[in-house]
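Enquirer: Now for the letters of each chain:
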Amino acid sequence: MTTNAPAKLSSILLASIFVLSVGVARADEPVMLSLTIKDHQFEPAEVHAPAGKPIAFTVKNLGSIAAEFESDTLHVEKVIPPGGEATVYVRPLAPGRYNFFDDFHHATKGSLVVP
Amino acid sequence: MLPSLVIVFREVFEAGLIVGIVMAVTSGVAGRGRWIAGGVAAGILGACAVAVFTGGLSQLCGGAGQELFNACILGFAVLMLGWHNVWMARHGRELAAEMRAAGEAVVDGSKSLAALAVVVTIAVLREGSEVALFLYGVAAAEGGASVGMLIGGVIGLILGSLVCLLTYLGLVTIPTRYLFGVTSTLIALLAAGMAAQAIAFLQQADILTAFDQTVWDTSWILSDESWLGRALHTLIGYVDQPTAMQLIVYAATLAAIIGLMKLFAVPPVQRPRTA
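In order, the protein sequence lines correspond to chains A and R. Start counting the first sequence at 92; every next residue gets the next number (this note's numbering). Start counting the second sequence at -17; every next residue gets the next number (this note's numbering).
Isolated chain R (complex conformation) (with noise of 0.2 Å):
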């Protein structure tokens, strides 16, 4: 029982941080429940495939599959989040106006909703595979699904899903008027620290070696072995030792998105607030 709770809490967690941000993020958009609803249904589904087709996926590009797959699907996960912030930095301000005016009625943002649809689905494949390919090992050592397994799963579910609301709940108790400076920041940071993944998984492959020098060590402070080192790995892509590489492009997406942001964004238009 405990292991399967330990494991299934673990990547519900890591998707379940994503999953609050982007909550929060559409939070009082038409329509956000269905996407992130259908996001986490094309994910479960896409995590069984995977974890189906995993012999076939690891033989791949002489060996290579898992990973250039795993590249892949982070790659355009920063895609879509990138996509996203640049899309609200040009339509955010009109997205609030009509918030305001529609009092607690929703509003039309299906465009960038598509998008966060896709991050969620990507997260819940990603880790929802490990979870299916775990589980499945367990009930063939043990001969069948057992009830201890079940029991664990379900509670690390539960949990793993406590930590998703409360991530959405904390949030969401930010100030309209700053909110949408804060879930910028996230998904920006969020979609860097994927980037840095990705090389990761390139440099494990062997298919990306340059500048694949350690260039600190901070594992002495916060490991990335420890709970806290994991969350801030998903949230932000924090590593305990990263290579230049892994660095260079964490930068190189930051400073791509803020400055796509910056080019697209609408010049502020001075008009009377009704508070």
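The following block holds chain A by itself, in its conformation from the complex (with noise of 0.2 Å):
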């Protein structure tokens, strides 16, 4: 039987449609923005970067508990677990307000401000 086939054949396809994706490097620096969590709080709980340019956050979980940072405008989502901090990679961005927090714990916000 020919069952095997298109098994193979599909895996191979999406595989590579996969794989190629993968791998290309980024020219552009980005810009680093350091934050941490602490009693539940972002510190800062404002931050600013420039417009168009990549941004990296690097958050400290000082809590003891796990926190994870997520922002729906930013699309990023990650768990720190306590006493662990986390590097999260965000696009180029335009103007404006984006807000992020704690997914586990929603009291916890703080905003990104691209002027």
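Rather than coming from a laboratory, the hints here were simulated on the basis of the structure. Bear in mind the structure is a predicted one, so any value in this text is a computation, not a measurement. Please note that a few of the clues may not be correct.
As the list claims (entries may be wrong) - Here are some of the chain R residues that sit facing chain A, going by a computed Cβ distance under 10 Å: (1) -12; (2) 31; (3) 33; (4) 45; (5) 115; (6) 118; (7) 122; (8) 182; (9) 187; (10) 189; (11) 191; (12) 195; (13) 199; (14) 200.
C-beta: ideal position from N, C-alpha, C; glycine also.
Using the supplied hints, reconstruct the complex from the two chains, each of which is provided in its own coordinate frame.
Expert: Shown next as structure tokens:
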């Protein structure tokens, strides 16, 4: 039977799309922004970055429980274990205010202002 | 109570949409209950493992472990969904004939069941690990699991499962002759959406930065933050501000699945039908 032929071919094709789309390097250096989460608050609660440049958030979780750094407008989500640190990269942005929060504790909020 | 209700409901809702579709796709196939239940159970175990090892996972690959893990399991789910659709294009007709012959009896389709059980596992694992981490956090903050948290979690679980049930019941009301077309389309869109989501994780980890410009912004019509936006994100991969690479991968995945389905489809056989 030809049962395996479609399986193999579809796997190879889909896998190659996936692999081909990875591994293209960036030219622009990202703007670094540092945040800490302590006592369910972002410090600082507001950060600034220029428009049109890639951004890298480094978030340190000083709390005793896991946090999830998340933003719908920045399209990022990342779990940060207690005592841990995570870096999250954001594509170049248009001017505006972008809110982020701790998905495990929604009162923990902050924003990024792009003038 | 309310935070755990909201979080548990949201995650179960997202996994439930996928499980509901898989249930509708496999209705009438022998042993599907066992496969799906097994998939859910494996997903819950996996979710707990991921939650426990989050610290270690995030430190892998220079801090990109979480993103790579998410991208890989999403990629794997895309393969399984694609494979299922191609398999159905090849054997769906036999399966349908067998179903008619067997009447209400169940038919054998264990191969595509295995692929879909993996998809269920991945969906439950992804959403479940967030629930586990969240509930663990609440319990740790309150010095132990509180009654309110548990009640909230259980209500969230029940409401979320209801979404799963409604998705299933909604889909199976579609007449059998259209059901295959509808579910194939749903699965292809689900796969394309997951592929685009995998790209978002790679972009977030700075592994993939090519074509990362935002192509359009429809957040003023339908925001990713809204419930409808979330549901459509899970179902068809809706994103209010997609990047060019996400769109390319979305289109390529859809094209690959449809192309392969056409390539391997059995030419229609004329046979007299007794209705």
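Enquirer: So, residue 31 of chain R near chain A? Judge it on the closest CB pair being under 10 Å.
Expert: This hint is violated: residue 31 of chain R lies away from chain A, its Cβ roughly 14 Å from the closest one there, beyond 10 Å.
Enquirer: At a threshold of 10 Å, is the proposed contact between residue 33 of chain R and chain A supported by beta-carbon distances?
Expert: OK, holds: residue 33 of chain R within 10 Å of chain A, min 8 Å.
Enquirer: The hint names residue 191 of chain R as touching chain A; please verify it with the least Cβ-Cβ distance against 10 Å.
Expert: holds, 4 Å
Enquirer: Was the hint right that residue 189 of chain R lines chain A, CB cutoff 10 Å?
Expert: Holds, because the Cβ-Cβ distance from residue 189 of chain R to chain A comes to roughly 6 Å (cut-off 10 Å).
Enquirer: Return the status of the interface hint for residue 200 of chain R: holds when the least beta-carbon distance to chain A is below 10 Å, violated otherwise.
Expert: Where the cut-off is 10 Å and the nearest Cβ of chain A is about 13 Å from residue 200 of chain R, the hint is violated.
Enquirer: Does the nearest C-beta of chain A fall within a distance shorter than 10 Å of the C-beta of residue 199 of chain R?
Expert: At about 8 Å, which falls below the 10 Å cut-off, the nearest Cβ of chain A leaves the hint on residue 199 of chain R intact, so it holds.
Enquirer: Let me know if the C-beta of residue 118 of chain R comes in closer than 10 Å to any C-beta of chain A, holds or violated.
Expert: Cβ of residue 118 of chain R sits 7 Å from chain A, so the hint holds.
Enquirer: Do the numbers back the hint for residue 182 of chain R, that is, is its least Cβ distance to chain A under 10 Å?
Expert: holds, 6 Å
Enquirer: How about residue 187 of chain R: closest beta carbon in chain A under 10 Å, or not?
Expert: Since chain A brings a Cβ to about 7 Å from residue 187 of chain R, closer than 10 Å, the hint holds.
Enquirer: Closer than 10 Å between Cβ atoms is the bar; does residue -12 of chain R clear it against chain A? Give me holds or violated.
Expert: holds, 9 Å
Enquirer: Does residue 115 of chain R pass the interface hint, meaning its C-beta sits closer than 10 Å to a C-beta of chain A?
Expert: Constraint on residue 115 of chain R satisfied, holds at 5 Å.
Enquirer: If you take the shortest Cβ to Cβ gap from residue 45 of chain R to chain A, is it below 10 Å?
Expert: holds, 6 Å
In summary, the numbered hints that this structure violates are 2 and 14.
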